[in-house]
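*Asks:* Residue strings, one per chain:
2 protein chains.
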Amino acid sequence: MTRLASFALAAACAAMSLPAAAQFAKPEDAIKYRQSALFVMSQHFGRLGAMANGRVPYDAAAAAANAEVVADMAKLPWAGFGAGTEGGKAKPEVWKEDAKFKERQQKLIEETGKLVVAAKAGNIDALKAQFGPTGASCKACHDSFRNQ
Amino acid sequence: MTRLASFALAAACAAMSLPAAAQFAKPEDAIKYRQSALFVMSQHFGRLGAMANGRVPYDAAAAAANAEVVADMAKLPWAGFGAGTEGGKAKPEVWKEDAKFKERQQKLIEETGKLVVAAKAGNIDALKAQFGPTGASCKACHDSFRNQ
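Going line by line, the protein sequences match chains L and W. Numbering follows the working numbering, in which position 77 of the first sequence is assigned residue number 77; successive positions increment by one, without gaps. Numbering follows the working numbering, in which position 61 of the second sequence is assigned residue number 61; successive positions increment by one, without gaps.
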């Protein structure tokens, strides 16, 4: 391979593996994106909490639908925390403790996956049992990576 | 049925059929919710546009994943336009032309459903063919119901 071809290939690979931030036109969009995804998630999670805590009547279909949105949204925000997107409520630790941050993301994704299963069980006890661990996975990440 | 029992039943039914706005703690949350869902959708739709217009290389897996998010998000914002949630960029027509607004929502949901099918076809021509009609369904709603 010539040096030029080698350089061209390296450049092409670099372009394909651009950090997630490169998916956003500007850092502000990445911040707005992650905040938006987390806010949508929080609203649907809150509705499950209202059922789990007896503030609104249990509705199996609504519980399943809300849990699906929570689990879908749980996968999204992380692409919005790329290099150069410091700001919002994010602590600097997001960009300093990558392995721990990724572990917390993964935990949330796992717990929200279990939440979908629990919500689809069709009884409030299953929902109640998984609501707490899911909320705990939100809190564990907030405690380490979000300013209050 | 006694008058009291009848009243209690009516109250219970009213509670179960509260307008969507009642899912939000305050009107500001409903506005933030719909704006958040639409922003997340726009970001993923924009990535499909970048592929369809040749600004980034076509990536079948990424196209399918982005289209899935677009279609999921397309179902969400409408619950955030309940009674008493006027504001943001929404025109007053949202609350005056309900049938037309719902028709535009339905059209977006249909077109984004087709977008998922097109994105999963695994070739850029299918994506290109459905990108335009989907974007047109965004624009049709914005033209009537969103202030610029």
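The set of hints was computed from the structure by calculation and includes no laboratory data. One thing to keep in mind: the hints can contain errors.
Distance condition first, Cα-Cα at most 20 Å in a straight line; then the derived SDA-like pairs of lysine to any residue [claimed, not checked]:
#	chain 1	residue 1	chain 2	residue 2
1	W	Lys120	L	Gly49
2	W	Lys26	L	Gly49
3	W	Lys89	L	Gly46
4	W	Lys32	L	Ile31
5	L	Lys75	W	Gly46
6	W	Lys89	L	Ala129
7	L	Lys75	W	Asp72
8	W	Lys26	L	Asn123
9	W	Lys75	L	Ala64
10	L	Lys75	W	Glu68
11	L	Lys75	W	Ser42
12	W	Lys32	L	Ala64
13	W	Lys32	L	Lys120
14	L	Lys32	W	Ile31
15	L	Lys75	W	Val116
16	L	Lys32	W	Ala83
17	L	Lys75	W	Lys89
18	L	Lys75	W	Gly88
19	W	Lys26	L	Gln35
20	L	Lys26	W	Lys107
21	L	Lys89	W	Lys32
22	L	Lys32	W	Val116
23	L	Lys26	W	Ala61
24	W	Lys75	L	Ala62
25	W	Lys75	W	Asp59
26	W	Lys26	L	Ala64
27	W	Lys107	W	Ala79
28	W	Lys26	L	Ile31
29	L	Lys26	W	Val116
30	W	Lys32	L	Val116
31	L	Lys32	W	Gly46
32	L	Lys32	W	Lys107
33	W	Lys89	L	Gly49
34	W	Lys75	L	Asp72
35	L	Lys120	W	Lys120
36	L	Lys32	W	Gly88
37	W	Lys75	L	Glu28
38	W	Lys26	L	Phe39
39	W	Lys32	L	Gly122
40	L	Lys26	W	Ala50
Quantities reported herein were computed from a predicted structural model and do not represent experimental measurements.
*Asks:* Would you mind marking each hint as holding or not holding in the structure?
*Replies:* Taking the hints in turn, this is what the structure says about them:
| no. | hint | result |
| --- | --- | --- |
| 1 | W:Lys120 with L:Gly49 | 35 Å, violated |
| 2 | W:Lys26 with L:Gly49 | 17 Å, holds |
| 3 | W:Lys89 with L:Gly46 | 25 Å, violated |
| 4 | W:Lys32 with L:Ile31 | 15 Å, holds |
| 5 | L:Lys75 with W:Gly46 | 18 Å, holds |
| 6 | W:Lys89 with L:Ala129 | 40 Å, violated |
| 7 | L:Lys75 with W:Asp72 | 13 Å, holds |
| 8 | W:Lys26 with L:Asn123 | 29 Å, violated |
| 9 | W:Lys75 with L:Ala64 | 15 Å, holds |
| 10 | L:Lys75 with W:Glu68 | 12 Å, holds |
| 11 | L:Lys75 with W:Ser42 | 17 Å, holds |
| 12 | W:Lys32 with L:Ala64 | 23 Å, violated |
| 13 | W:Lys32 with L:Lys120 | 28 Å, violated |
| 14 | L:Lys32 with W:Ile31 | 15 Å, holds |
| 15 | L:Lys75 with W:Val116 | 18 Å, holds |
| 16 | L:Lys32 with W:Ala83 | 26 Å, violated |
| 17 | L:Lys75 with W:Lys89 | 28 Å, violated |
| 18 | L:Lys75 with W:Gly88 | 27 Å, violated |
| 19 | W:Lys26 with L:Gln35 | 18 Å, holds |
| 20 | L:Lys26 with W:Lys107 | 30 Å, violated |
| 21 | L:Lys89 with W:Lys32 | 17 Å, holds |
| 22 | L:Lys32 with W:Val116 | 25 Å, violated |
| 23 | L:Lys26 with W:Ala61 | 24 Å, violated |
| 24 | W:Lys75 with L:Ala62 | 14 Å, holds |
| 25 | W:Lys75 with W:Asp59 | 25 Å, violated |
| 26 | W:Lys26 with L:Ala64 | 24 Å, violated |
| 27 | W:Lys107 with W:Ala79 | 16 Å, holds |
| 28 | W:Lys26 with L:Ile31 | 23 Å, violated |
| 29 | L:Lys26 with W:Val116 | 26 Å, violated |
| 30 | W:Lys32 with L:Val116 | 25 Å, violated |
| 31 | L:Lys32 with W:Gly46 | 15 Å, holds |
| 32 | L:Lys32 with W:Lys107 | 27 Å, violated |
| 33 | W:Lys89 with L:Gly49 | 30 Å, violated |
| 34 | W:Lys75 with L:Asp72 | 13 Å, holds |
| 35 | L:Lys120 with W:Lys120 | 27 Å, violated |
| 36 | L:Lys32 with W:Gly88 | 16 Å, holds |
| 37 | W:Lys75 with L:Glu28 | 25 Å, violated |
| 38 | W:Lys26 with L:Phe39 | 14 Å, holds |
| 39 | W:Lys32 with L:Gly122 | 30 Å, violated |
| 40 | L:Lys26 with W:Ala50 | 15 Å, holds |
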